[in-house]
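Peer 1: Make the full structure from the sequences, and use the hints.
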Amino acid sequence: MIEKIGSVAVIGGGIAGIQASLDLANQGFLVHLIERNPSIGGRMVQLDKTFPTLDCAMCILGPKLVDVQRHPNIKLLTYCEPSSLSGSIGNFSLKYIKKARYVDALKCTGCGVCEEKCPYWIHDDFNAGLTRKDKRGRDKPARKVISIPFPQAVPKLAYIQAETCRYIQKGKCGICQKNCDPGAIDYNQKDEEIEIQIGAVIVATGFDPFSAEKISSLHFGEFPNVVTTLQFERLLNASGPTEGEVIRPSDQRNPKKIAFLQCVGSRNPSIDRNYCSAACCMFAIKEAIMAKEHDPSVEVYVFYIDIRAFGKGFEEFYQRAIKEFKINFIKSRVSEIRENPKNNNLILKYEDFEGIQGVTSEEMDMVILSTGLDPSSHRDFLENCLNLNLDQYGFVITDPLKPLETNRPGVYVCGVSSGPKDIPDTVAQASGAAAKAAILLKDVRNTQIEEIKLPRPIKVNLTDESRIGVLICHCGHNIASVIDCKEVAEYAKTFPNVVYASDPMYACAADTQEVLKEAIKEHKLNRIIVASCTPRTHAPLFRSTLKEVGLNEFLFDLVNLREHVSWVHSHEREDANEKAKDLVRGAIARTCRLEPLLKEKIPLIQKALVIGGGCAGMTSALDISKAGYPVYLIEKEDQLGGELLKIPVLHNGMKGIEIVEELKKKVLNDPNITLFTGAELADLSGSVGNFKGIVNGQKIEFGGVILATGAESFIPSGYYNYGKKSNIITQKELEENFDELDPKTVVMIQCVGSRESEPPRTYCSRICCTGAIKNSIRLKERNPDVNVFILYKDIRTYGDLEDYYLKTRQLGTIFIRYTDERKPEVKIKGTVEIFDEMLGRTLRINPDLIVLSVPLVPKPNEKLSQMFKVPRGSDQFFLEAHIKLRPIDFATDGIFLAGTGHYPKFTSESIYQASGAAVRVMALLAPGYLLSEGAIAEIDQDICRGCGRCEEICPYKAIELEVKAIELETETIKTVKAYVNPGVCKGCGSCLVTCPVTAITVKHFPDKTIEAQVESILLKTEQLDIKQTP
Amino acid sequence: MIKSDTIPTKVEISSNTTLSIIRDCFQCGLCTSICPLRKVSKYNPRGIIHSSLLGHSLGNDDLTTCLTCSQCFEECPQEIDFPAFIRESRSKIVLNEENFAHNNIFNLLQIFMAEMTESGMKFSFEGEINSESSIAYFPGCVDLFDQFLNLKTVKFHQIGQSAMNLINKVGIKPNLLSLKCCGHDAYWTGDTELFEKIRKYNEQIIRKAGISTLLVSCAECYYTFEELYKLEGIKIQHISQFIDQHQSKLEFKENLTKVTYHDPCRLGRFMKEYESSRNVLKNTGASLIELANNRKNAICCGVSSWLRCDDQSRAIMLRKLEEATQAVGNDGNLVVGCNKCYAHLNCVLEDKKPQHEYQLKVKELGIFVDELSNKNN
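Just so you know, the protein sequences line up as chains X and L, in that order.
Numbers given in the numbering used here equal positions in the first sequence, counted from 1, plus 5.
Numbers given in the numbering used here equal positions in the second sequence, counted from 1, plus 48.
Check each hint, because a few of them may be wrong.
Think about it this way: if two alpha-carbon atoms lie no more than 25 Å apart in a straight line, the pair counts; the simulated SDA-like pairs of lysine to any residue are [claimed, not checked]:
hint: 1; chain 1: L; residue 1: 344; chain 2: X; residue 2: 229
hint: 2; chain 1: L; residue 1: 330; chain 2: X; residue 2: 221
hint: 3; chain 1: X; residue 1: 785; chain 2: L; residue 2: 105
hint: 4; chain 1: X; residue 1: 832; chain 2: L; residue 2: 104
hint: 5; chain 1: X; residue 1: 749; chain 2: L; residue 2: 344
hint: 6; chain 1: X; residue 1: 812; chain 2: L; residue 2: 127
hint: 7; chain 1: X; residue 1: 785; chain 2: L; residue 2: 104
hint: 8; chain 1: L; residue 1: 278; chain 2: L; residue 2: 261
hint: 9; chain 1: X; residue 1: 704; chain 2: X; residue 2: 960
Derived from the structure by calculation, the hints contain no laboratory data.
Peer 2: Right, dumping it as structure tokens:
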């Protein structure tokens, strides 16, 4: 038998590769993260904001980049290209070329002097090829031959593009070497071939934007004001070449009228690309909104075929774009772009369906091409090096029921490599791929990694003199555009205990962490204050930095200068500066009084619970079980299978019942899975690591839980006479009675009960377009003479589902679009009237069957939501911790979600999400213990009188009352005392305020620190004694 | 007038097989906004496609207005061959006589030629011919155009004469085939039966001549012989390709001629032959200035298959002359590689004030090259 190796190669360092690496590294596997570019982050680092929450992309990704870099189990292999893979599942040998950077990674500090001094400029890939103007106003390349990829790059190292370097090519120049103080430049570096042994491979190679040059009629590269969405993103970005000012390339003016052209390189069989790129509609809407936010006077037009807002929160985002931001959406493909020679404006010709119909021309200041997702630059590698089966476009082919597996056992795939998708789907899939690798290598976990060795803790006594270090972060321009960070840093230095202060561009950047560590050592700092953004995302990062030098992580405070100052006071700069100083002063007063705290190791139960025995729940249960952990699986119904049992045939031809039977057989034969059907969970107590509950009278204990409760079809009572006539049915009813029904003319109406103007069903149900198309194909294939009309708002067949849309059109299904203003009407006699905006007239159809496409709505989940204290969105689906980057986690630890209980999705999507949730549980259970929060409540047993108010109020059920016998001098009395479970307590402080005798303190926030902080802020006296009181 | 949108139109789907050509449409509207007719009329290919799919039948106007220039097909993301759809639809009905230009004369001539004569068109040109040659030349319907169009400034016969001159100049004595009209118009007006008759006759003559190359001047002949006849073993060559091939044997006078080039639909978008003509023109020493819309974006000359020469057609032609004048000015030349384009554009050029004041010359490629080449070659 082949000896398995407990390490995994993750190929591709974008968000998919990053997520998969972290999930594996967190459970004891060694990960080689291989990235062909000089730094990780992939496409996401080029983004300004992310839809639909408009989070700053760098702000949410940055911490993950740093996590990867500092993770002891991840080997970051940037600027490396894999060259061959041999061996087989469990034991592969991967060779890769470590490309010469010509910069010694051990010596380079990322200071950037080389880049500043280098006299030669080349094409700037990071800024999507945007150019700079030289002194005479000519367009010139914008990147130096030696450069650091971008300010927050991980690793932050310079590299030389050898083909363009004059020294390397011709032996002349050498300026960078002369100017590099650390002596890091090494022109003699050579490419090296390195071989590693691994147990599994995860492919996360991603995509490039489609090259718009390939479509000559778009004049990209010819007309200066025609740009791509990625270029526009760089123009919007504060760290982009224009520092966030949107200008048009021809004359640097701010455009006042801009147009987005959708489907550039997508949905276009004439250039052999029929697939929909799935993300570009939302990408364009986001940029349209951002353009409006930058300049409310700009007019924005989006030319589209169908707006594909099919993900969670997308449709609502699209509606906001229309209603709140007044963005003009025009359903038409532009046929001609001409340039006005006088001003480089662009004249677009298109057919306008609405209003006065006809062909119209509009002059735009700028045109933005929504370029599709193109995997083809990786084709050669995937096909010839990894021997994977690819489709005609270059996407890795996967089985719908095994969406994470490739044709080569032991090689898993995630992200855009296996089909176009957006970030949340990519993240869920990456976790899923990690699950597959973790299951494969479960027996060799912890065999390739080294124990994390932390340095000896620096002893800090409360009586020691405080030596505080302060960082005032610019956060690019987020903070620095309002606050004078340098001045605030100087101000901090005026306080006696502050021995070090600086104002880095990004406090969270990897290099800043190194600077901070050095400062701690050099200045013997024993307390740190970072004034930057929200502690929610960034405090853990700085705390780890403290730990790495041995400083207790609780000797740290974070001041939120971004949310609390620069963002809310952007128009009051002077006052904002004062407020920043006040907050920093307050933090100094508080920090002096902080005590070191220790986190406890708390044992956990290495078992999992999965609620919901549908496709997602069974997949999760099987994965967790295969990874070696016992699983309880609870299904409310009497049989496993969920909604899939009610779908006779899926769009891809698979049969629901067969999929269920296959999974069911595995579940029933798995001795590690304890199944409860017809059962519900009751009496839940405990928390992450140590849950307890009762199922069918049996007590169960588990460390983590996955909610896979699913969704069901909406019942459209009151819509289009549903329920009044027997020939008005839903798609599900059509499927159930397919063999009995033999209609001549069928009208299908889309979006019945979804995409409504009011909650709860404002969302797009994602799968109904494909569902209707599937049924139209089935009807047509059974009887080609049946007339099928699909009345729709937008057809949302994303990714390769577009093929089904094309197929049904070829079979003769007729599509008629309607708008909310003029919905179709079902007359009493069964006639359907629809205003056809394409023809500008009302059509009357006499169908013998009307089929309503209704959304999926979540199964009743209110009870579980309350029981586990996890939120639901306005759509009633479970609400994850973060729509973009944490699609399978709840904000509460130990609870995860999968399947249609999260949002409507296809079976294969449920499957990979279920695997993703499973890997989270594995990572939770793997160490066998939890680390408690340090800042938890503490009850002074001498003062506590056992009233129990704290127990009632605690939202995490962290307080228990215990009867204690207290021996007094002459007698023993029984008394009740409250006790805090350190593994559960989150330190929220609810108990503290409710305690009538002030017996409770929350560590890290004792009254004395807060009082000192408030006093210092309010008194505003510069002479205030903020030295610690012993 | 009744507001059309208040009257519900009943939808009944026909099982018309022609519809399979257009079923892929996803209604993006690109065809309508790119259609050259749309600039001068309400012609709406997207609307026609959608209403056809809904089972509405097309009228004579919808069917005869389309120029089948293929500009929409060229750009359509779903590759819908709208011209083919129009052609097939035409084949299912009888087109009204009044929709044909010039009192239907050219259509009648074609029918006459196909059904009532035993022989093809006879040509007489100065120059050397060799009936044993492996290369044959066919000038197209030039003499008929002279007789029935009766243009003042242009002799279509010269197309054949210039071609003969050039062929001889490069040292070739061609066979001159007496073919009937190639049948392009019969095919594109939907008269498949008539086309087949013509094709059979011509194929027999071509085969009998024992040639390996058939050289033609007209873009429509080129397309028709190559694409529709599919004559195995016989190479069809357009005059531009022929001259390009024999460039080295031609010499040209020094000249300051300014020239621009119009890509005929059948040569350009249909046959993807864009460069030979340009090579030839550049080689003459004339300065070639491109039209604003060139190659695959070239705009049709305005009339197709002698259907509907009306105000819309004239408007398109005038736009073409305007575009050419923008490029080369009033003393320049607009060269075309198609007998029909040559006819239509010269026809409108003969309309004088107040219609227009364009003074540039419209020349057929062979004529233009022959004029500039040294006689004593």
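Peer 1: Taking the hints in turn, state whether each one holds.
Peer 2: To see whether the hints hold, each was checked on the structure:
1. A hinted pair counts as satisfied when its Cα atoms are at most 25 Å apart, and residue 344 (chain L) with residue 229 (chain X) qualifies at roughly 22 Å.
2. At roughly 24 Å between alpha-carbon atoms, residue 330 (chain L) and residue 221 (chain X) fall within 25 Å of each other, so this suggested pair holds.
3. Among the hinted pairs, residue 785 (chain X) with residue 105 (chain L) is consistent with the structure: their alpha-carbon atoms are about 23 Å apart, no more than 25 Å.
4. Among the hinted pairs, residue 832 (chain X) with residue 104 (chain L) is consistent with the structure: their alpha-carbon atoms are about 23 Å apart, no more than 25 Å.
5. This hinted pair does not check out: residue 749 (chain X) and residue 344 (chain L) have alpha carbons roughly 44 Å apart, beyond 25 Å.
6. Straight-line distance between C-alpha atoms of residue 812 (chain X) and residue 127 (chain L) comes to about 14 Å, which keeps the hinted pair within the 25 Å bound.
7. A distance of roughly 21 Å separates the Cα atoms of residue 785 (chain X) and residue 104 (chain L); the hinted pair therefore holds under the 25 Å criterion.
8. Taken as a hint, the residue 278 (chain L) and residue 261 (chain L) pair is honoured in the structure, with Cα atoms around 13 Å apart against an allowance of 25 Å.
9. Taken as a hint, the residue 704 (chain X) and residue 960 (chain X) pair is honoured in the structure, with Cα atoms around 23 Å apart against an allowance of 25 Å.
Hint 5 from the earlier list is the only one contradicted by this structure; the remaining hints agree with it.
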